[in-house]
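Chemist: Each chain is listed here by its residues.
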Amino acid sequence: MNIFDFVAQYWPRLLAGTGMTVAQFFLATLLGVTVALVMGLMKLSPNRLVRATAVTYIEIFRGTSLLVQLYWIFFVLPLFGVSIDKFTAGYVAVGMNIGAYGAELVRGGILSVPKGQWEAALAINMSPAQRMRRVILPQALVNMLPPWGNLMIELLKGTALVSLISVADLMFETKQINGSTFLSAQAFGAALVTYYILARFMVTPFMRWLEAYMARKMGRA
Amino acid sequence: MLDMSGFPLELSGENTPMVSFRKVRKSYGTLTVLDDLDLDINAGEMVSIIGPSGSGKTTVLRMLMTLEQINSGVIYVDGKPLTHMPKGGQLVPANERHLHSRRSDIGMCFQHFNLFPHMTALENCMEGPVQVLGLSKAEARDRSEELLELVGMIAKKDQHPSRLSGGQQQRVAIARALAMRPKVMLFDEVTSALDPEVIGEVTNVIRGLVSEHNLTMLMVTHQMGFARDISDRICFFYGGKIEEQGHPSELFGNPQRERTQQFLSAVREAV
Ligand SMILES: Nc1ncnc2c1ncn2[C@@H]1O[C@H](COP(=O)(O)OP(=O)(O)OP(=O)(O)O)[C@@H](O)[C@H]1O
Ligand SMILES: [Mg+2]
Numbered sequence: 001m002n003i004f005d006f007v008a009q010y011w012p013r014l015l016a017g018t019g020m021t022v023a024q025f026f027l028a029t030l031l032g033v034t035v036a037l038v039m040g041l042m043k044l045s046p047n048r049l050v051r052a053t054a055v056t057y058i059e060i061f062r063g064t065s066l067l068v069q070l071y072w073i074f075f076v077l078p079l080f081g082v083s084i085d086k087f088t089a090g091y092v093a094v095g096m097n098i099g100a101y102g103a104e105l106v107r108g109g110i111l112s113v114p115k116g117q118w119e120a121a122l123a124i125n126m127s128p129a130q131r132m133r134r135v136i137l138p139q140a141l142v143n144m145l146p147p148w149g150n151l152m153i154e155l156l157k158g159t160a161l162v163s164l165i166s167v168a169d170l171m172f173e174t175k176q177i178n179g180s181t182f183l184s185a186q187a188f189g190a191a192l193v194t195y196y197i198l199a200r201f202m203v204t205p206f207m208r209w210l211e212a213y214m215a216r217k218m219g220r221a
Numbered sequence: 001m002l003d004m005s006g007f008p009l010e011l012s013g014e015n016t017p018m019v020s021f022r023k024v025r026k027s028y029g030t031l032t033v034l035d036d037l038d039l040d041i042n043a044g045e046m047v048s049i050i051g052p053s054g055s056g057k058t059t060v061l062r063m064l065m066t067l068e069q070i071n072s073g074v075i076y077v078d079g080k081p082l083t084h085m086p087k088g089g090q091l092v093p094a095n096e097r098h099l100h101s102r103r104s105d106i107g108m109c110f111q112h113f114n115l116f117p118h119m120t121a122l123e124n125c126m127e128g129p130v131q132v133l134g135l136s137k138a139e140a141r142d143r144s145e146e147l148l149e150l151v152g153m154i155a156k157k158d159q160h161p162s163r164l165s166g167g168q169q170q171r172v173a174i175a176r177a178l179a180m181r182p183k184v185m186l187f188d189e190v191t192s193a194l195d196p197e198v199i200g201e202v203t204n205v206i207r208g209l210v211s212e213h214n215l216t217m218l219m220v221t222h223q224m225g226f227a228r229d230i231s232d233r234i235c236f237f238y239g240g241k242i243e244e245q246g247h248p249s250e251l252f253g254n255p256q257r258e259r260t261q262q263f264l265s266a267v268r269e270a271v
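Chains as they are written, first to last, in the working numbering: chain W, 1 to 221; chain R, 1 to 271.
Think of the hints as simulated: they come from the structure by calculation, not from any bench.
Where hints are given, some of them may not hold.
Straight-line C-alpha distance at most 25 Å; calculated DSS-like pairs for lysine-lysine [stated by the list, open to error]:
| id | chain 1 | residue 1 | chain 2 | residue 2 |
| --- | --- | --- | --- | --- |
| 1 | R | K137 | W | K217 |
| 2 | W | K175 | W | K86 |
| 3 | R | K157 | W | K217 |
| 4 | R | K241 | R | K23 |
| 5 | R | K156 | W | K217 |
| 6 | W | K217 | W | K115 |
| 7 | R | K183 | R | K80 |
| 8 | R | K137 | R | K87 |
| 9 | R | K241 | R | K80 |
My request is simple: use the sequences and hints to build the entire structure.
Modeler: The structure is reproduced here in structure tokens:
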């Protein structure tokens, strides 16, 4: 069976799996960006305890394997009375993991904004929160978009691990098809191509568009 | 605990200065940058600060803008303490809330403009009035457009800073500061980063402010001719102190102190 016949026959399941992968990707991104923002800001806090919390979080999630984190959230947390369904466990693990990497980007982005911007914002009497939200973060965001693009690709690839807790994503469907048909080359070939298309023709162009959009907002384009 | 008994809770009386530095000391580690500085500036007065590099000129402005904390002494603005607040009949160091309430009297323009790059000229000017003063967008726009008109930048109001020349950016920065309706304006070498041919467009704006508005202004500059033209008083700083001060014609025409004479002749030679 060539790959075209294979896709012609199994496309409904591949498509369903791809849909699940995209859903996991979106939710993990949403969570990851939020976590990155919170942890990145906490890491710059003047309060030592707040800083230490962020450092601990980042160390744990960057220093250990995503797969182990996923298993912890799905298999171990229930032992402590916190049960999460597999769909949620999947994107939460990926999102929290990517958030730890993103926190460093947020921190770096904020530090890259010139000191004069803080001072100008203070000179018009903006509160510390206004300075951050209205002046610093928008500029930090522009500075950190390119590395975020790479992180998003990592995130997309990372979502394949959720298949190991039986979330029916693209990887899970592919393995199922392979298990029943033994058409390994076709099955994993189709998955390979699909992941590549998602990354190169959806995530990357979207990030490029976002960069161009932000550049326009900055009057740079 | 520092003894604050020598500092009144408020300055009052007919000739209360708009700005008053009282025994203000500032040091970085072991380096004393300002050494018990006393400086009064009257309402509506235009005072220029000149002096060699590192003499503490910028530091004076930064402390008045509350960008920097002082080590001792008190700064008063419009009779009320800026760096301190009254508590139990005594002055104690100001907290963020007090600073926020007093800072609105002061506006500042920087050497490198520091416009917000993600906002247009108009948005730069509207930001403070809308976010800090709580004006409606329409009110803030009217006020900002009026000021952009004043500095000759109304035609470029929808441009981002990256599309503006240095002189144009600095004029927008002046409008942005004025939009907050400060009582005191600070200028820190606002022409130093500019190409020679555009310095005039910025100095003309400041000239206009001096002649038509009753602002109190404190300006650090290396442009002696300009300072001489527009100032009511010149302060020559040396080593964190005011070495000599006086009316421009006196200070430039007949400097009394040796260091002032040396500095002025060095500056003249450089021109
Ligand atoms: N944040 C800081 N940390 C340590 N030293 C500082 C700091 N800011 C200023 N200084 C020092 O304080 C002194 C006075 O600095 P200031 O910027 O007020 O000088 P200035 O008179 O404005 O000089 P210039 O004409 O070069 O701008 C200098 O010796 C400077 O190195
Ligand atoms: Mg200076």
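Chemist: None of the hints should be skipped; say for each whether it holds.
Modeler: Evaluated hints:
| no. | hint | result |
| --- | --- | --- |
| 1 | R:K137 to W:K217 | 19 Å, holds |
| 2 | W:K175 to W:K86 | 17 Å, holds |
| 3 | R:K157 to W:K217 | 15 Å, holds |
| 4 | R:K241 to R:K23 | 11 Å, holds |
| 5 | R:K156 to W:K217 | 16 Å, holds |
| 6 | W:K217 to W:K115 | 21 Å, holds |
| 7 | R:K183 to R:K80 | 13 Å, holds |
| 8 | R:K137 to R:K87 | 37 Å, violated |
| 9 | R:K241 to R:K80 | 24 Å, holds |
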